[in-house]
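Residue numbers (the working numbering), protein chains in the order written: chain A, 1 to 114; chain B, 115 to 224.
For the record, the hints were derived by calculation from the structure and aren't laboratory data. There's no promise every hint is true.
As the list claims (entries may be wrong) - In the DSBU-like style, the derived pairs of lysine-lysine whose C-alpha atoms are separated by at most 30 Å in a straight line are: (1) B:K170 x B:K211; (2) B:K170 x B:K140; (3) B:K140 x B:K184; (4) B:K211 x A:K80; (5) B:K211 x A:K79.
Unchecked claim - Here are the computed distance ranges between Cβ atoms for each label pair: (6) A:E22 x B:S153: 17 to 27 Å; (7) A:V15 x B:N136: 36 to 46 Å; (8) A:H5 x B:A192: 43 to 53 Å.
Glycine residues also receive a C-beta, built at the ideal position from the N, C-alpha and C atoms.
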Amino acid sequence: SQTIHQWPATLVQPVGSPLSLECTVEGTSNPNLYWYRQAAGRGLQLLFYSVGIGQISSEVPQNLSASRPQDRQFILSSKKLLLSDSGFYLCAWSASPGNTGELFFGEGSRLTVL
Amino acid sequence: SQQGEEDPQALSIQEGENATMNCSYKTSINNLQWYRQNSGRGLVHLILIRSNEREKHSGRLRVTLDTSKKSSSLLITASRAADTASYFCATGGGGFKTIFGAGTRLFVKA
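This is chain A alone, in the form it adopts within the complex:
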């Protein structure tokens, strides 16, 4: 069966520090991978998605970046965090090709920027 791992679960970082959130998927090949951000009490904002190694599409201009160095690994990074980067970050995957659109989510990473 497929599983998705996301870490760290919780992170407190000072403004201006770098960020690296990692996500890995097991049990499937060539998944579509996604990073979403959720502000407190709000819906999900799509940040990045990837259909293959090295292929990244950005949905929202910001100081965040994403990389996909391996088929089942998706990394969210920042060189210098802003206060507004605080939030709950969720990694997700969907099947490819012939996907139904169903997304499978990790347990999330809560980032607090102070």
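Here the structure of chain A is known, so what remains is to put chain B in place on it, guided by the hints.
This is chain B only, laid out in the frame that chain A set:
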């Protein structure tokens, strides 16, 4: 911009009652999905309904879709305290760019 908008934003009911949540969207869709999120956790897929379907059931869940009104509803029958969570509708063309609404927070009192 958000595609799905849930209504109500929050709902509080007694255990055993039915809970109904609504979702409206703006553009044409291939499918509409409902997800559940327990506090501080990831989202879990509940049910997907395709644009050519009008109603779908899964256990205590019943989803309807009216493409002419661009709306969907999620009904949870005989609610339980464990159903307390946030519920999101999501629309898209499948896979890429699935757009989520702001969610309905359901609280079921035991």
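Quick rundown of the hints versus the structure:
no.	hint	verdict
1	B:K170 x B:K211	holds (23 Å)
2	B:K170 x B:K140	holds (21 Å)
3	B:K140 x B:K184	holds (7 Å)
4	B:K211 x A:K80	holds (26 Å)
5	B:K211 x A:K79	holds (25 Å)
6	A:E22 x B:S153: 17 to 27 Å	holds (23 Å)
7	A:V15 x B:N136: 36 to 46 Å	holds (40 Å)
8	A:H5 x B:A192: 43 to 53 Å	violated (35 Å)
In the structure shown, a violation is registered for the earlier hint numbered 8 alone.
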